[in-house]
Amino acid sequence: MRKHALVIDHDACWGCRTCEVACAQEYDFKSKFLLVTEEGPSQDNSIHDYTYRVNVCRHCEDPPCVGACPEEAISQRDDGIVVLDADRCTGCRSCIEACPYEVIAFDEEQQVAQKCNLCRHRVDNGLIPACADNVCLAHCIYFGEPADIEATIEGKRKKRQTI
Amino acid sequence: MGISWKQFKEMDFIRGEVKYRKYRTEGFSTPTRKLELYSTVLEKMAYDPLPQYHEPPGSPYSAPELYKEYPYILVSGRRIPGFFCSEGRQIPCLRELQPDPVVEIHQETAEKSGIKEGDWVIIESPRGKIRHRARLFAGMDPRIVFAQHGWWFPESEDPMRGWRESNVNMLTDNSYENCDPAMGGTAIRTLLCRIYPEVPQGRSDK
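Residue numbers (my numbering), protein chains in the order written: chain E, 1 to 163; chain X, 1001 to 1206.
To be clear, the hints were calculated from the coordinates, so they are not data collected in a lab. All C-beta atoms in this analysis are idealised placements derived from N, C-alpha and C, irrespective of residue type, glycine included. Among these hints, one or two may not hold up.
What the hints assert, rightly or not - Ranges between beta-carbon positions, derived for each pair:
#1 E:Asp124 with X:Leu1035: 34 to 40 Å
#2 E:Thr51 with X:Met1001: 33 to 39 Å
#3 E:Asn125 with X:Glu1017: 33 to 39 Å
To be verified - Straight-line distance between alpha carbons at most 30 Å, and here's what the computed DSSO-like set of lysine-lysine pairs gives:
#4 X:Lys1022 with E:Lys159
#5 E:Lys156 with X:Lys1019
#6 E:Lys159 with X:Lys1019
#7 E:Lys158 with X:Lys1019
#8 X:Lys1112 with X:Lys1129
#9 X:Lys1116 with E:Lys159
#10 X:Lys1044 with X:Lys1034
#11 E:Lys3 with X:Lys1044
#12 X:Lys1009 with E:Lys30
#13 E:Lys30 with E:Lys3
#14 X:Lys1009 with E:Lys158
#15 E:Lys30 with X:Lys1112
#16 X:Lys1019 with X:Lys1006
#17 X:Lys1006 with E:Lys156
#18 X:Lys1116 with X:Lys1068
#19 E:Lys3 with E:Lys158
#20 X:Lys1009 with X:Lys1019
#21 E:Lys156 with E:Lys3
#22 E:Lys158 with X:Lys1068
#23 X:Lys1022 with E:Lys156
#24 E:Lys156 with X:Lys1009
#25 X:Lys1006 with E:Lys158
#26 X:Lys1068 with X:Lys1112
#27 X:Lys1068 with X:Lys1022
#28 E:Lys3 with E:Lys159
#29 X:Lys1034 with X:Lys1022
#30 E:Lys3 with X:Lys1009
#31 X:Lys1009 with X:Lys1044
#32 X:Lys1019 with X:Lys1034
#33 X:Lys1006 with E:Lys159
#34 X:Lys1129 with X:Lys1116
As the list claims (entries may be wrong) - Taking beta-carbon pairs under 7 Å as the criterion, some of the chain E residues facing chain X (in silico):
#35 Ala12
#36 Cys16
#37 Tyr27
#38 Lys30
#39 Ser31
#40 Pro41
Okay, chain X solo, but in the shape it has when bound:
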């Protein structure tokens, strides 16, 4: 790239030449070379070519009965600086920064569920349950439960390294109905869940 290591270290980032309005000479990267609101690619694959909104399957609106039993919306994609997806749990100096899986909930939600800061809690969906440590956070909607993803425990003696214990994939839905018909993506931020302390109140967390 014609720069030295020393020069690179002084830069914030490297990027190639930035060209604006390329479409004027080259068009867009679609079969028609036009900006496609009507996707000819999706049409060719026999999917609806126009963007549409579908309420996700497990939401308070599409599943009101389930919502009575599982009264919180689980957002599971929380990024953790230091780790990348499931990577890095085995590196001691990174793990020290984030020793446990942490779920963020609003103070109001915590009070209703009898959860205190730092408590181990169970997050449960119709498909399974996992344990995280609770962190109370006022900067979020009280209807949301915000869990981390990618957890496993390299220190565990279990040959599966305890991944079933806290991994949010235990709660998500892989069923055909839940997947996006064209892309196959799973709903990971629109799940219903309930949350409660791991040990009944009054007992110590040991």
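With the rest of the complex left out, here is chain E:
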């Protein structure tokens, strides 16, 4: 099966947060697995640096959350999607500590961990995840084969002369 990846071109993001709304909408406004944060402005060599960061599960190559979960509630599918099964989650929060991107949230009401399952209900039906479905005003969220995405991003950067 084809390997899926969600790649974010952070150089292009300008913080419109449409991806957040698309994610919330996909889950009937009950959950949101994605959060845009701001970094900076930090001052380096008297140049102000300021960026936006799209915080969402990267579906890592070797996901530390999978090993961290004592209940085996988190697993990686053959196509790369890292899925958290809320029914098996006991709320120990080990995965939250293990995640290097700090993108696993805790649902206080249900007392379970929550993360992006890469809209597997959409992907399994030939669609792309809600946040990557051309909602982003900067067109900076990509879904597909990692190599294709890298080529597209590089092409766009060349076009706007940022490399």
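With chain E fixed as given, assemble chain X onto it according to the hints.
Below, chain X alone, put in the same frame as chain E:
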């Protein structure tokens, strides 16, 4: 347009055919068909046909006495992604992203005025005052106060939906003198203001 929805979704944007140097065949869209530095349209309407610089009425240079009392320059046109002007405040998933009106000020300004990140503050001009939440931002000039526009509160019980509370139009000047004589535009980025915490220091913000 001869494209399908699927094709459209893969595009960044749609635009018509781009033609360069149209002026060579069609001229410019002015009465003389020339590039007019001297505007014959403005001349016909009895305005000065040449571009000129006028210091705006409420600026540190044109109103130095007022500047002593209102020591910051208010820029009021800050765009908020998710909202369009005053639209969208009533849509919960958009409002969640931007629950409160936010004014950006430099750390230096905040320190001088006794304002901390997230405090409710009063922004005041000679015409009125509004409340915003303070956000400290190092990437701007300390002389500037950067407020959002278009605020109202659909959740408010007030029949006017609380628009007077935080709308920057309470601070702008609609007077004849302040309007551009030809276009009628109002100065919305060159106002003088003062800024201070809503509650005196030492009290909690509840």
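Verify the proposed pairing of E:Lys3 with X:Lys1009, using a straight-line Cα cut of 30 Å.
holds (22 Å)
Given a cut of 7 Å on the nearest C-beta pair, is the interface hint for E:Tyr27 held or broken against chain X?
With a minimum Cβ separation of about 11 Å from chain X (threshold 7 Å), the hint on E:Tyr27 is violated.
Take the shortest C-beta to C-beta distance between E:Ser31 and chain X; is it under 7 Å?
At about 12 Å, which exceeds the 7 Å cut-off, the nearest Cβ of chain X leaves the hint on E:Ser31 violated.
A range of 33 to 39 Å was offered for this pair. Does it hold for the Cβ distance of E:Thr51 and X:Met1001?
The hinted range 33 to 39 Å holds for E:Thr51 and X:Met1001, with Cβ atoms some 36 Å apart.
Interface hint status, E:Lys30 versus chain X (Cβ within 7 Å):
Since the shortest Cβ distance to chain X is 11 Å, the answer is violated.
Do the alpha carbons of X:Lys1068 and X:Lys1022 lie within 30 Å of each other, as the hint requires?
Judged against 30 Å, a Cα distance of about 51 Å means the pair is violated.
Just to be careful, I want the Cα atoms of E:Lys3 and X:Lys1044 compared with a cutoff of 30 Å; is the pair within it?
violated (67 Å)
Distance restraint between E:Lys156 and E:Lys3, which requires alpha-carbon spacing of 30 Å or less
At roughly 23 Å apart (the allowed maximum being 30 Å), E:Lys3 and E:Lys156 satisfy the hint.
Does the closest beta carbon of chain X sit nearer than 7 Å to the beta carbon of E:Cys16?
Since the shortest Cβ distance to chain X is 4 Å, the answer is holds.
Next pair to validate is X:Lys1009 with E:Lys158; report whether the Cα-Cα distance is within 30 Å.
holds (22 Å)
Hint consistency between X:Lys1022 and E:Lys156 [alpha-carbon to alpha-carbon, up to 30 Å]:
The hint holds at about 28 Å.
For the pair supplied as a hint, X:Lys1006 and E:Lys158, confirm whether the alpha-carbon distance does not exceed 30 Å.
With a Cα-Cα distance of about 26 Å, the restraint between X:Lys1006 and E:Lys158 holds, given a limit of 30 Å.
The structure is inconsistent with the numbered hints 1, 9, 11, 15, 22, 27, 31, 35, 37, 38, 39, although it conforms to all the rest.
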